[in-house]
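**Student:** This is what each chain is made of:
Protein chains: 2
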Amino acid sequence: MAAEIAHKLAALAIAPTATLTHAETTSPATWKDTLIASGSAPASFELIKTLIYKPKTAKTATTIPVVVIAREETETNSGAIGKALNLKELRLASDDLLKEFFALDKNSLSPLSLTESTFSKVVTVVDPSIASSSAVFAIHANSSSETIFLSGKDIESYLKKLETPETKLQELGTAVTATAAPAAAPAAAPKEDAKIEGAVQIAIGVKKEVDFPTWYTNVLLKAEMIDYYTVSGCYILKPWSYGIWEEIQSWFNSEIKELGVQNSYFPMFVSASVLEREKDHIEGFSPEVAWVTRAGTTDLEEAIAIRPTSETVMYPYYAKWIRSHRDLPLKLNQWNSVVRWEFKNPQPFLRTREFLWQEGHTAHLTKNEADVEVRQILELYRRVYEDLLAVPVIPGVKSEKEKFAGGLYTTTIEGFIPTSGRGIQAATSHCLGQNFSRPEMFNIFVEDPNDHSKSYVWQNSWGLSTRAIGVMVMVHGDNQGLVLPPRVATVQVVVVPCGVTSKLTDEQRAAISDTCEDLAKRLKKVGVRARADLREGYTPGYKFNDWEQKGVPLRLEIGPIDLKKQSTLAVRRDNGAKAPIALASLETDVPALLETIQSDMYARAKATYDSRIVAVTDWKHFVPALDSKNIVVIPWCEEEACEDDIKERSGRASEPQDERAPSAGAKSLCIPFDQARWAPIEPGKTKCTACGKDAKQWTLFGRSY
Amino acid sequence: MAAEIAHKLAALAIAPTATLTHAETTSPATWKDTLIASGSAPASFELIKTLIYKPKTAKTATTIPVVVIAREETETNSGAIGKALNLKELRLASDDLLKEFFALDKNSLSPLSLTESTFSKVVTVVDPSIASSSAVFAIHANSSSETIFLSGKDIESYLKKLETPETKLQELGTAVTATAAPAAAPAAAPKEDAKIEGAVQIAIGVKKEVDFPTWYTNVLLKAEMIDYYTVSGCYILKPWSYGIWEEIQSWFNSEIKELGVQNSYFPMFVSASVLEREKDHIEGFSPEVAWVTRAGTTDLEEAIAIRPTSETVMYPYYAKWIRSHRDLPLKLNQWNSVVRWEFKNPQPFLRTREFLWQEGHTAHLTKNEADVEVRQILELYRRVYEDLLAVPVIPGVKSEKEKFAGGLYTTTIEGFIPTSGRGIQAATSHCLGQNFSRPEMFNIFVEDPNDHSKSYVWQNSWGLSTRAIGVMVMVHGDNQGLVLPPRVATVQVVVVPCGVTSKLTDEQRAAISDTCEDLAKRLKKVGVRARADLREGYTPGYKFNDWEQKGVPLRLEIGPIDLKKQSTLAVRRDNGAKAPIALASLETDVPALLETIQSDMYARAKATYDSRIVAVTDWKHFVPALDSKNIVVIPWCEEEACEDDIKERSGRASEPQDERAPSAGAKSLCIPFDQARWAPIEPGKTKCTACGKDAKQWTLFGRSY
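Protein chains in written order, with the numbering used here: chain A, 4 to 708; chain B, 4 to 708.
Some clues are possibly wrong.
[As the list claims (entries may be wrong)] Below 27 Å or equal to it, Euclidean Cα-Cα: the simulated DSSO-like pairs (lysine-lysine) are:
no., chain 1, residue 1, chain 2, residue 2
1, A, K323, B, K52
2, A, K524, B, K260
3, B, K91, A, K334
4, A, K164, B, K334
5, B, K156, B, K109
6, A, K457, B, K163
7, A, K528, B, K260
8, B, K11, A, K457
9, A, K156, B, K323
10, A, K59, A, K109
11, B, K457, A, K225
12, B, K347, B, K334
13, A, K323, B, K11
14, A, K334, B, K334
15, A, K609, A, K632
16, B, K260, A, K323
17, A, K164, A, K11
18, B, K210, B, K52
19, B, K210, B, K609
20, A, K124, B, K323
21, B, K506, A, K527
22, A, K225, A, K282
23, B, K699, B, K650
24, B, K225, A, K334
25, B, K11, B, K156
26, B, K699, B, K581
27, A, K528, A, K568
28, A, K323, B, K164
29, B, K171, A, K457
30, A, K164, B, K370
31, B, K334, A, K225
32, A, K699, A, K650
33, A, K59, A, K11
34, A, K406, A, K690
35, B, K260, B, K370
Please keep in mind that the hints were generated in silico from the structure rather than gathered at the bench.
Okay, chain A solo, but in the shape it has when bound (with noise of 0.2 Å):
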């Protein structure tokens, strides 16, 4: 792409999702057909219209052209628009007035054409869906060969920072445009979902229940827990979600420490020779491995990669500590970020290139032993997203096909999101066996105190990263935004001034902020992450939306009625649900309420998630199921042929497919270990519902993220 336009995007940070340049175009339609014959443009996109309308004015007065940029589709009515801004006659510019202040033609024109110089002389209309959209978007380079494509987001970004006070961008309304297209209608949300009175509507722009990822994204983007970043695939955490991560660590640590694991940080490079040593490991790993060349100037003179896990970093030292079997158990773990630099379609917290997690890594004289403590991670992790993020999950093992690279087997929890019907992996724990140990691998072995042979030590690994905060998300937001669990909420309360109207006198405004204040510090003092919200020039409705869309579990209202009554209004996050509490038993009150919000979410999540596992004992069950966004469970022969069979089959038959959710087949999610939920297998009796032959146990099969 031109130079003036890449240093433009570079300056706000915005890297795009292609470039392409391609024969010279002169409309629409032939551009779209251009874009697709090339082969290079993203799979879907769409494309945005850049007009530019000249109003009437007298011949002595100064043009100030009406730049209308809309998605294609949008009907842009220029009687409509020219009446909203209040100027007559708009007609579409000549290419003379094109030339004059674009130096361009209409056929290279597009947002970007705009500039610093440029914005203050023109009056700029944007249609508010681009920037609700999660659709990319083609424009074109500053020529009708070159096209670029962004995020509706991206081009929101561009245009703003054009903004100065005296010119600031214009939305393309209702009152604007005659028609707007259907993909545009959410961001102007029906009258009856603005339940807060004198609320300004801080819509998340979709519907959760219609457009699931571009929701999602939505959610994270306006409750500030993530921003895109320009290095595809990787994304920044933001304290909203960091902090979400920190009561994590901070609670895993401590019960980790209970069991004897000792932190620890070893190096994220690994060299090729090492890494490459187990080889089944590295068949999982090698496709998505980075590699380091170069440093400075200088070219390396072998690559050396960055860590995707750490089991081939740290082994060889656990050979050379581990000498005799006092030196075991060894359990180390570390909180670090791994590198997987996957080709697949990235998305927040599921699918990074990098991303955050910890990894432990045990080894054990006996194999008993590495069975216990497999258990007992796996038991953690459950806590992790039952206790603190208040998701139900399904411990259980993987099968043969899904264990991890190299390992003996892997115990596994595993989540489901209602909304797309799919299963996920929430987080595993491995036993690796000895396969590790081995002679010809690590040869990490001890001296058998009694018989002075060689025992191979028994290998566990474990981790759990920030995939975790995204599940949650997926599970718990709503329309509103975020829908946080208080244990895990940075934010667990937040005070805010209501009835500040100008009939109060300066000390009553002083009385309600300052108890606001008051409340913040008491709860403060028991343990609650409380907050008062004394923002000046914001009215409690916009208040109030801002933390529902940043999900705090808890707002307290304190109004000049609540300070006569000496009682403030909770009202729930969760649920909406409104309760008066007195202001004399807060402590007591609060800490309750939260508890039972976090068990009602809890509980809510469970009774779906229990829904929506449906047993499946005759085929022709197994996709209506999948395609009603259930997962199921059936009796299973658990051989590999079987289950590549069931992926296919029910990969073929179903619905249309999403490609931020690649998995249309299902996959094996686990054998849970509580297999008295379900009739009990009668051993040659019981058949597996797939192919027929005997099935050995329940087992659960999903599409899956």
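Start from chain A and add chain B according to the hints.
**Tutor:** Just chain B now, with coordinates in the frame of chain A:
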């Protein structure tokens, strides 16, 4: 090197310092000359000799050759060796024997010629000074024309790994060798140093005052703070050091949160175009930037850098997020690792290619606000060093030459390493001014609420790294090992059972053990990190030394007499002082004693630092003061040319250079805030010690890390 050797070393995670192919050699002298002449050998290295002896045996008996591995200069007396091993008439083995056992001639032999299959058929005797040495050793790679360079530790690892219960390595001790090389001498510590009755001497190997760099790495290895890693310049932070970092994190986190700083996480990757935005800034870092150019087998279109620091990663988003004065101040921090691919000699904690730190980045409306915060943070850094690590520092401002690349001014706390007489930059808090916010850079501005003009934000960045741990080790460690200040020690108190002789009844033994456990439990209840060392099979002396080496601040001894007296003997690690503590007053006396140890450690280090700052007003005393391991403070003109000149003049003059302490010329360390320590500078009258121009302020100069 030969694939076989490469494989063996890789299996042990051993990375040679260098590998050389050269002309065939036949004697140690020609070998050494050839290596030096090649120009590719390490700057200093030692040779190892591998000698094979054959004892006289009955003709029918199996020959068991003796393999002696020693430093070239160690005298190996075959008579003494034979006597020690109880073998008759050792003779150097014939070529035939060498061929038979090793398929090699004597000029190709090396420690690596031993394999699992040959090791059990020979007797192997090793010079113990190899493992304890910091030298790099040249050894053959199964041919007389190929040499690899390994550390002594790695050679030991290799040999240890060959041991079996039946066949152990033997030490070439004073009994075996007539005269050991001088460097080997400290391995056997003089009798008077063995203070503790019954102690197993675990020496640090070399004295702190004699060979400081070797002492430093030995302490770190023996105290289990770090291990060396296969990727050069990277180190493993073992729990014993990582725990100190966790203490620092926990304290610093709570302090910055009080200041309104929030934690977050930004990606480790940064694109070339963004990284290179600020020219001065990138000039300071670009020679050390590591570049990812490949993912899996796919070459990336544009190389992506690993952050050397995050200014350019974060500030494009500051531009995006900061829209109005309500968004200020923005205060973010992250705990992460950064990569600076230094080509100089690495040193654990002090100069490593990847290191852990925190980096804070804040944006403010006014310069004054930024100035205030710069000093608040510097004060926290001072407290991390002085209050937690008991390491005195001097706060001040960096000269223009030494300030942060691209910033406005840099404040610093400067530490001092008495043993080397060098200054060390401990932590820095930078005011970046508006250098990164101005329009042609990251364009970070808000509109002034009053006159709507653009105000470019004032920014700070500040960082503290794991270097702090290295400084603490250097300042407090002694010839027994590490000395940890109580506030950061993972284990503050160890309780060791003593006097458990064969005369005691089982009940008496149990009473001692139980009391030890009970003391640890009682101490933990009052917040003391205590541990009872009830390991079986180790003498009290061994345990004493073990914990002393690891630097545990306080040891409590419990024996039969202590039990009777209901008292415990408390032994301080910092000064060896012993005093009984009544068990009844444990909960008050131990915490008080730990505080005393903490403040005594600080006071001693402070007195030393103070005594080694020499005020110099006459240039002729400048270099002699440095040569006597001091730093100097001079009235200084603050001109860069003068600073360059001081470096040049003080470097030329002085002591022989140590490769691991690269700066022989003095740099300015800081202009201390506390100018009142020295006689007032009289404007126009007091002259610069170095150049004679008008002096501005007292400034610290020193050789430094």
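**Student:** The structure should be examined with respect to each hint, and the outcome stated for every one.
**Tutor:** Evaluated hints:
| no. | hint | result |
| --- | --- | --- |
| 1 | A:K323 x B:K52 | 25 Å, holds |
| 2 | A:K524 x B:K260 | 16 Å, holds |
| 3 | B:K91 x A:K334 | 48 Å, violated |
| 4 | A:K164 x B:K334 | 22 Å, holds |
| 5 | B:K156 x B:K109 | 24 Å, holds |
| 6 | A:K457 x B:K163 | 14 Å, holds |
| 7 | A:K528 x B:K260 | 16 Å, holds |
| 8 | B:K11 x A:K457 | 19 Å, holds |
| 9 | A:K156 x B:K323 | 11 Å, holds |
| 10 | A:K59 x A:K109 | 20 Å, holds |
| 11 | B:K457 x A:K225 | 26 Å, holds |
| 12 | B:K347 x B:K334 | 34 Å, violated |
| 13 | A:K323 x B:K11 | 13 Å, holds |
| 14 | A:K334 x B:K334 | 36 Å, violated |
| 15 | A:K609 x A:K632 | 16 Å, holds |
| 16 | B:K260 x A:K323 | 41 Å, violated |
| 17 | A:K164 x A:K11 | 11 Å, holds |
| 18 | B:K210 x B:K52 | 26 Å, holds |
| 19 | B:K210 x B:K609 | 22 Å, holds |
| 20 | A:K124 x B:K323 | 23 Å, holds |
| 21 | B:K506 x A:K527 | 59 Å, violated |
| 22 | A:K225 x A:K282 | 44 Å, violated |
| 23 | B:K699 x B:K650 | 19 Å, holds |
| 24 | B:K225 x A:K334 | 19 Å, holds |
| 25 | B:K11 x B:K156 | 15 Å, holds |
| 26 | B:K699 x B:K581 | 50 Å, violated |
| 27 | A:K528 x A:K568 | 23 Å, holds |
| 28 | A:K323 x B:K164 | 8 Å, holds |
| 29 | B:K171 x A:K457 | 15 Å, holds |
| 30 | A:K164 x B:K370 | 24 Å, holds |
| 31 | B:K334 x A:K225 | 19 Å, holds |
| 32 | A:K699 x A:K650 | 19 Å, holds |
| 33 | A:K59 x A:K11 | 33 Å, violated |
| 34 | A:K406 x A:K690 | 24 Å, holds |
| 35 | B:K260 x B:K370 | 22 Å, holds |
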